[in-house]
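Trainee: Chains A and B are the protein sequences, given in the same order.
Position 318, counted from 1, in the first sequence is what the working numbering calls 318; the numbers after and before it change by one each time, with no gaps.
Position 247, counted from 1, in the second sequence is what the working numbering calls 247; the numbers after and before it change by one each time, with no gaps.
Because the hints were derived from the structure by calculation, they are not lab data.
Where a beta carbon is used, it is the ideal one built from N, C-alpha and C, also for glycine.
There could be a bad hint or two in this list.
Taking lysine-lysine pairs in the DSSO-like style, the calculated list, with each CA pair at most 30 Å apart, reads [said to hold, decoys possible]: (1) A:Lys-60 to B:Lys-189; (2) A:Lys-82 to A:Lys-190; (3) B:Lys-109 to A:Lys-349; (4) B:Lys-109 to B:Lys-189; (5) A:Lys-74 to A:Lys-90; (6) A:Lys-26 to B:Lys-211; (7) A:Lys-232 to B:Lys-189; (8) B:Lys-189 to A:Lys-33; (9) B:Lys-590 to A:Lys-81; (10) A:Lys-19 to A:Lys-32; (11) B:Lys-576 to B:Lys-590; (12) A:Lys-75 to B:Lys-189; (13) A:Lys-32 to A:Lys-170; (14) A:Lys-19 to A:Lys-349; (15) A:Lys-82 to A:Lys-170; (16) A:Lys-33 to A:Lys-349; (17) B:Lys-206 to A:Lys-75; (18) B:Lys-109 to A:Lys-74; (19) B:Lys-211 to A:Lys-82.
Where chain B lies over chain A, by a calculated footprint (3+ residues, C-beta under 8 Å) [said to hold, decoys possible]: (20) 72-81; (21) 220-226; (22) 346-354.
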Amino acid sequence: MAHAYTPGLRVAALTVVRKARRLPIKGEVLAKKGDRVTADAVVARTHLPGAVQLINVASKLGLPPEDLPSVMVKKDGDPVKKGEPIATTKGFFGLFKSQVPSPCDGTMESLSTVTGQVILREPPTPIEVDAYVDGEVVDVLPGEGAVVEAFGTFVQGIFGVGGERTGEIKVIVAGPGDVIDEGRIDASLKGKIAVGGSHITWGALQKAMQIGVSGIVVGGFDDPDLRRLLGKDLGVAITGSEDIATTLVLTEGFGEIAMAGSTFELLTSREGRKASINGATQIRAGVIRPEIVIPMPDDKASAADAVAGHGGGLEPGSVIRVIREPHFGRLGSVTDLPNELQVMESESKVRVLRVRFDDGSEAMLPRANVEMIER
Amino acid sequence: MGTLENIRAIVATDCGSTTTKAILIKLVDGEYRLIVRGEAPTTVEAPFEDVTRGVLNAIREVEELSGHTVLDGESIVHPNDGGDRGVDIYLSTSSAGGGLQMMVAGVVKSMTAESAERAALGAGAIVMDVLASNDGRLPHQQIERIRHLRPDMILLSGGIDGGTVTHVVELGQIISAADPRPRLGLGFKLPVIYAGNKDARPEVAKLLEQKTSLFQVENLRPVLERENLGPAREKIHDLFMEHVMAQAPGYDRLMEWTDAPIMPTPGAVGSIIETIAKRQNIEVVGVDIGGATTDVFSVFENTFNRTVSANLGMSYSVSNVLAETGVDNVMRWVPFRLPELEVRNRIKNKMIRPTTVPQTLEDLKVEQAIAREALRLAFEQHKSFAVSLKGVQQERTISDAFNQSASGGTLVNMMDLDLLVGSGGVLSHAPRRQQAAMMLIDGFMPEGVTRLAVDSIFMMPQLGVLAEVHEKAATEVFEKDCLIHLGTLVAPVGATQEGKSCLRIEGTLPGGRTIADDVPFGEMRVIPLAAGESASVKLTPSRGFDVGAGPGRVVEATLTGGVVGLMLDTRGRPFKLPSDEHQRVEKLVKWSRAFNAYPEI
Numbered sequence: 001m002a003h004a005y006t007p008g009l010r011v012a013a014l015t016v017v018r019k020a021r022r023l024p025i026k027g028e029v030l031a032k033k034g035d036r037v038t039a040d041a042v043v044a045r046t047h048l049p050g051a052v053q054l055i056n057v058a059s060k061l062g063l064p065p066e067d068l069p070s071v072m073v074k075k076d077g078d079p080v081k082k083g084e085p086i087a088t089t090k091g092f093f094g095l096f097k098s099q100v101p102s103p104c105d106g107t108m109e110s111l112s113t114v115t116g117q118v119i120l121r122e123p124p125t126p127i128e129v130d131a132y133v134d135g136e137v138v139d140v141l142p143g144e145g146a147v148v149e150a151f152g153t154f155v156q157g158i159f160g161v162g163g164e165r166t167g168e169i170k171v172i173v174a175g176p177g178d179v180i181d182e183g184r185i186d187a188s189l190k191g192k193i194a195v196g197g198s199h200i201t202w203g204a205l206q207k208a209m210q211i212g213v214s215g216i217v218v219g220g221f222d223d224p225d226l227r228r229l230l231g232k233d234l235g236v237a238i239t240g241s242e243d244i245a246t247t248l249v250l251t252e253g254f255g256e257i258a259m260a261g262s263t264f265e266l267l268t269s270r271e272g273r274k275a276s277i278n279g280a281t282q283i284r285a286g287v288i289r290p291e292i293v294i295p296m297p298d299d300k301a302s303a304a305d306a307v308a309g310h311g312g313g314l315e316p317g318s319v320i321r322v323i324r325e326p327h328f329g330r331l332g333s334v335t336d337l338p339n340e341l342q343v344m345e346s347e348s349k350v351r352v353l354r355v356r357f358d359d360g361s362e363a364m365l366p367r368a369n370v371e372m373i374e375r
Numbered sequence: 001m002g003t004l005e006n007i008r009a010i011v012a013t014d015c016g017s018t019t020t021k022a023i024l025i026k027l028v029d030g031e032y033r034l035i036v037r038g039e040a041p042t043t044v045e046a047p048f049e050d051v052t053r054g055v056l057n058a059i060r061e062v063e064e065l066s067g068h069t070v071l072d073g074e075s076i077v078h079p080n081d082g083g084d085r086g087v088d089i090y091l092s093t094s095s096a097g098g099g100l101q102m103m104v105a106g107v108v109k110s111m112t113a114e115s116a117e118r119a120a121l122g123a124g125a126i127v128m129d130v131l132a133s134n135d136g137r138l139p140h141q142q143i144e145r146i147r148h149l150r151p152d153m154i155l156l157s158g159g160i161d162g163g164t165v166t167h168v169v170e171l172g173q174i175i176s177a178a179d180p181r182p183r184l185g186l187g188f189k190l191p192v193i194y195a196g197n198k199d200a201r202p203e204v205a206k207l208l209e210q211k212t213s214l215f216q217v218e219n220l221r222p223v224l225e226r227e228n229l230g231p232a233r234e235k236i237h238d239l240f241m242e243h244v245m246a247q248a249p250g251y252d253r254l255m256e257w258t259d260a261p262i263m264p265t266p267g268a269v270g271s272i273i274e275t276i277a278k279r280q281n282i283e284v285v286g287v288d289i290g291g292a293t294t295d296v297f298s299v300f301e302n303t304f305n306r307t308v309s310a311n312l313g314m315s316y317s318v319s320n321v322l323a324e325t326g327v328d329n330v331m332r333w334v335p336f337r338l339p340e341l342e343v344r345n346r347i348k349n350k351m352i353r354p355t356t357v358p359q360t361l362e363d364l365k366v367e368q369a370i371a372r373e374a375l376r377l378a379f380e381q382h383k384s385f386a387v388s389l390k391g392v393q394q395e396r397t398i399s400d401a402f403n404q405s406a407s408g409g410t411l412v413n414m415m416d417l418d419l420l421v422g423s424g425g426v427l428s429h430a431p432r433r434q435q436a437a438m439m440l441i442d443g444f445m446p447e448g449v450t451r452l453a454v455d456s457i458f459m460m461p462q463l464g465v466l467a468e469v470h471e472k473a474a475t476e477v478f479e480k481d482c483l484i485h486l487g488t489l490v491a492p493v494g495a496t497q498e499g500k501s502c503l504r505i506e507g508t509l510p511g512g513r514t515i516a517d518d519v520p521f522g523e524m525r526v527i528p529l530a531a532g533e534s535a536s537v538k539l540t541p542s543r544g545f546d547v548g549a550g551p552g553r554v555v556e557a558t559l560t561g562g563v564v565g566l567m568l569d570t571r572g573r574p575f576k577l578p579s580d581e582h583q584r585v586e587k588l589v590k591w592s593r594a595f596n597a598y599p600e601i
């Protein structure tokens, strides 16, 4: 293949991170281009149309649908209060009137002389979008939101759960191969983003959620524990909206896998800094990876690698991570990219590469089973 | 594109959810043949977010492997120069970006709503949900569902022409109240197709014209006894091209390159399966097991059915197979011990890194175990969907008096099935064809006498779209280069104790060899019979077993061979695996050895 694109996760010490902060439906943008914002600053606001109530007024009053307009007290667009009549019959000589009260506060939306139904819309729900990261508004998307730019450290994970949060980075293990167990979680971590090594136990995660740890960044986690956390087997990797107290970001995958040394060192060097974390993951159709953004505006002037490359081809010297058995999780560098297809133990004929691991050993692997560590 | 007679070179691509495949077809000695195939990761996602990057990479691999020049920089060279430069036709199918995702609505769940579902599936869509007046949900729950799912389009049906308008207008009110937003494009109106009672058109227009992009077509069930799915399907295709594709990254450019509209992948494969059934006048089941979905196609009693099982697949959706079937059902096909934690973590790692391939034999076996369950689940869904029209009154004779079957029974009759065709990465790229045969047998459990075949290199989608513009080329390549005949399977229906008599096979093989074999219950065997060869055999099932003519009745047939051979499966139907782990593993190993499915390590 002339250009062997290999997907990879981005780990950048200093880079420009741009986040489009969009409303789900059109609304009002509060931020202006050039504004300096903190992560919790509201940049756009809108109102989600309220829930809808369908009431079969014709049937409640025992009338044919076409007679509905003659009994309606409220017109399309009128506000209504809960319990207030929306329709009433004339009765006999003003007596024995039947009424249909509104089941909720809201607005009359429409009525149908075909179905006899009246649609009431409950009050709208306000929705606000915050900046998520400390940075500068570099673009305004009229009616939709704003683009916030931050300068700093950016680490992509492979999988996560839980939504957007902020907190101070705190490394709680001695090395990237260490496990986070219950003993490493204490009350001082409340509101912080704890960085671990190769794995977090179920007990430790539970304790972190009880204490109110904002986020955990760790190499691996076990699938049965994810099942306990979500209360179900996760079928498709679309996450981010879980109602959990602590956002969890895995940098390597499922199982006990040491965090890549460079990632661990980078996060360690940022200890004490404020970071934004998001566990949202979507593997297909517009991929979204979980992430940690650590703004470092004070380093902006000295940064030479601020606009690092993104994606690309494998070449000898490329640093890779193995992402499938039998060397899953190991890091190494590419030494050769033979052109010919090779037969694996499974008898599959695939394109391969030769890799040298950190301990000096070498292996031949399918190109599909490695990912580049992008910087 | 020149005239059909002058077509010398064709390139077709399929942009799958995981990989983009390209094939080069050329006219060689007066017939169309596959020359080479290329593959590259699909690039609909970040960092490229442009599907054409993956297409160019796959085509470049074709160029490198064939020496035929297709590209000049980043454009396709048209036309072919009579030699090794340029192509006359370029076509593409796509299921990248999640394919076409729809919601359908109809008045009665088992009638118009089901017809609407059939129309959407027939157009190659994933049906995210089916709304019906009688689906048991309250209106606000239906509204929430529409808002939450954000489909690419909605198909609204309901009522026969001249029938009641009230219920279909109620559904229109629900869609209108939901004020639905499309998945792609914030400032763009969601396409809604109305294909219901024609008398309700003005009311539906009043409700939906302002809030959605409304299109009205002929009723898809104008009378109770007849479906008219064509107009709705065509409109879905048009809107898929105009709205959904146009919004996906890079498709506007790809659409400019192709010589015919881009087809949804399931639509293209279905078209090929339907063609096989029509040409040979046989009953066919086809399956395409992909990364995100598994699509099943069948033609029984001249009725074509297609189901797209969203979220049953081997990469992005592999974890959903586990969630749907449970870890025990996956593990029952694994011929060695593996802790549950290990299985679960491996499957999740495949889900989050979907493009990896099994390097070890152990990993391959686990992956093929999951494939068996994905195939089985997708086929179960298909069987429950491929039914005759429901709600139709049937005239019954006195002989039917004791037959209580209602209308709407499944059309899928495994005993009548003539040909089972498998396609998709895990089947087409299995290192040994025997593995594909075993996955098909275990996933579908064919009964009686059934021919098995597999798509050689996973190119049925491209041939499906090619059949739309050049049927001769598509047919020639399909018959000569695409369809690999695995052989014929004989599987008696019935059950008895292990080792007891089940089937006797007698006959003459090519070259005068004879066979006379008694196969006890619980075995898998293979008799060598190459592709192109056939054998006249007499199949005598033991008492209580059926190979097609009824319990204990003899069947005399001419069976065709294939790359695997004549396959005998006396494991019984319904099939049961031993519950004891030791016995189960022993059996799985024995059956794989009989098929020579895996290398001995």
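Trainee: Looking back at the hints listed earlier, which ones does the structure fail to meet?
Mentor: 1, 2, 3, 7, 9, 13, 14, 15, 16, 18, 20
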